[in-house]
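Order-wise, the sequence lines are chains A and R.
Basically our numbering = 1-based index in the first sequence + 26.
Basically our numbering = 1-based index in the second sequence + 26.
These aren't lab readings, by the way, just hints derived from the structure by calculation.
Ideal Cβ positions, reconstructed from N, Cα and C, are used throughout, including at glycine.
Warning: the hint list may mix true and false statements.
Claimed, not checked - Computed list of lysine-lysine pairs in DSS-like fashion (alpha-carbon distance at most 27 Å, straight line):
1. R:K166 to R:K33
2. A:K166 to R:K53
3. R:K33 to A:K166
4. R:K33 to R:K272
5. R:K33 to A:K53
6. A:K296 to A:K35
As the list claims (entries may be wrong) - In silico negatives: residues of chain A with every beta carbon more than 10 Å from chain R:
7. L36
8. S41
9. G89
10. Y108
11. A133
12. Q149
13. D162
14. Q202
15. E254
16. R289
2 protein chains.
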Amino acid sequence: MKFSIFKDKLTEAQSNTEQALDQWLPKPEGHQAVIMDAMRYAALGGGKRIRPFLLAETAELFGRDDDAVWGAASALECVHVYSLIHDDLPCMDDDNLRRGKPTVHIAYDEAIAVLAGDGLLTQAFEIMSGLDVSADVRVKLIQSLAKAAGTQGMIGGQVIDIMADEASRTEELISQLQSLKTGALIRYAVEAGSILGSANADQTENLLAYADDLGLIFQITDDILDVEGDAKRVGKAVKKDENLGKATFVSILGLEGAKEKARNLATRAKGRLEPFGQKAQILVDTVDYILVRDQ
Amino acid sequence: MKFSIFKDKLTEAQSNTEQALDQWLPKPEGHQAVIMDAMRYAALGGGKRIRPFLLAETAELFGRDDDAVWGAASALECVHVYSLIHDDLPCMDDDNLRRGKPTVHIAYDEAIAVLAGDGLLTQAFEIMSGLDVSADVRVKLIQSLAKAAGTQGMIGGQVIDIMADEASRTEELISQLQSLKTGALIRYAVEAGSILGSANADQTENLLAYADDLGLIFQITDDILDVEGDAKRVGKAVKKDENLGKATFVSILGLEGAKEKARNLATRAKGRLEPFGQKAQILVDTVDYILVRDQ
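Just chain A, with the same shape it has in the complex:
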């Protein structure tokens, strides 16, 4: 029953994100129209929109649900999509399929893929700087986004992932790697919602702790899906990490061990939300959704 409310909210967030992206992404025009086209190809028409959803649900804890929230959510999604485009490049993971569609460097070419990623990252900051909130809030949103996406955040995680040799891939290293590569933007989603909702220090601390646990659950279940998943449903090649011989939570902890770790983190994550009571039910349900997802 409650899960159906969660699913309705997620579907609504997907639709609002799509609409905000369509509104905030530049329309194809001029001799450079192909770049706007490629950015839209990558950003629109799909994606789980977990980050925008988390941002919006966190803001809603504080009674906030307006255009600025969905603008910030779409900016965050631009950063996520840019990272996917660049990660998929031949010089990185060399993936041909993403969300069930040819990746940008396949659908267009490599140069356009690099530039479409650059364009989405740049656009994210343009969107944030134009939100209908105070300049103070915009600066906070921008500063935290730059930190989350930068070398001490998402980019740092990607670098560790491509540089770490097999011997160094301990559970500790892949935890750190994932807390940067995947975790930083999930944490940012909750941070941005807290900023927009003017959360106090205690509330922010609890919410960020929740986000950190959630990010790790997300990665562990990703590793589990990589072993157990169905390529068609997941929308990208599965068993890829295993084929590459890359250590994952599953290869280190075993399938059951990884599942147990995820369940324990889930219990802790939900505990972080207790101070918010019933209002946080959707964020509680999000933990279960991530835990049992099949894509």
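Take the given structure of chain A and dock chain R to it, following the hints.
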């Protein structure tokens, strides 16, 4: 005589920019240290620093010369350097040499080059968001930077450059291309200086018109250097555009025609500065410096 003052100011700007970059760029640390290292390799120890210089000289017109100015100048230089790293990639211009040093994808590898560019672009917004000026000014600096660097600015120009076939390379198209690819950040340098100096609307209009002329002169002289230059001095491969059969201002207007166009623009650019009187002498000298530069 006055030219020696100009050269002293330029040298000072180079030193201040180097110092600000060193201060604002993250120090190599953690398992991802290589990315901070690559960003520093690309950004430090060279470069004409024309954009930071223009930003600082414009701000100084309004009596402003402080850490925020050099912080903004270093952020702008990060965007410029990121664009060079990505433009040099094998899938774009495929250049091995930049400022007399191996390009980032040669000195490191392609994945690190993509990520170092991403890191510098992200860092630019982190720097801007942390400047010691009002939140209003920071938001203005960020919004204008995102526009100047984005698909309606620098990225747009790069896309036109890689997409335009030979038949379409008219003088009009390459003017538009260059006003985006090179011009947008030169214009931004002057815009950011105006924002930091709280210039009024008339002053800003004159300064931006000056910047637009200067950007075009910069590109025309670049094309001239590409034909007449000495590879060692220019610090990159010359005659490259000619070898590629790419239309340039020189191939369309002829060498003398291009030089005349640059001279005419120089006269107009200097005229834009008349309302500022003697205070703008360094910006006037900058026109001559760009016009007669040999690198």
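Violated hints, by number in ascending order, as checked against the structure: 1, 3, 4, 5, 10, 12, 13 and 14
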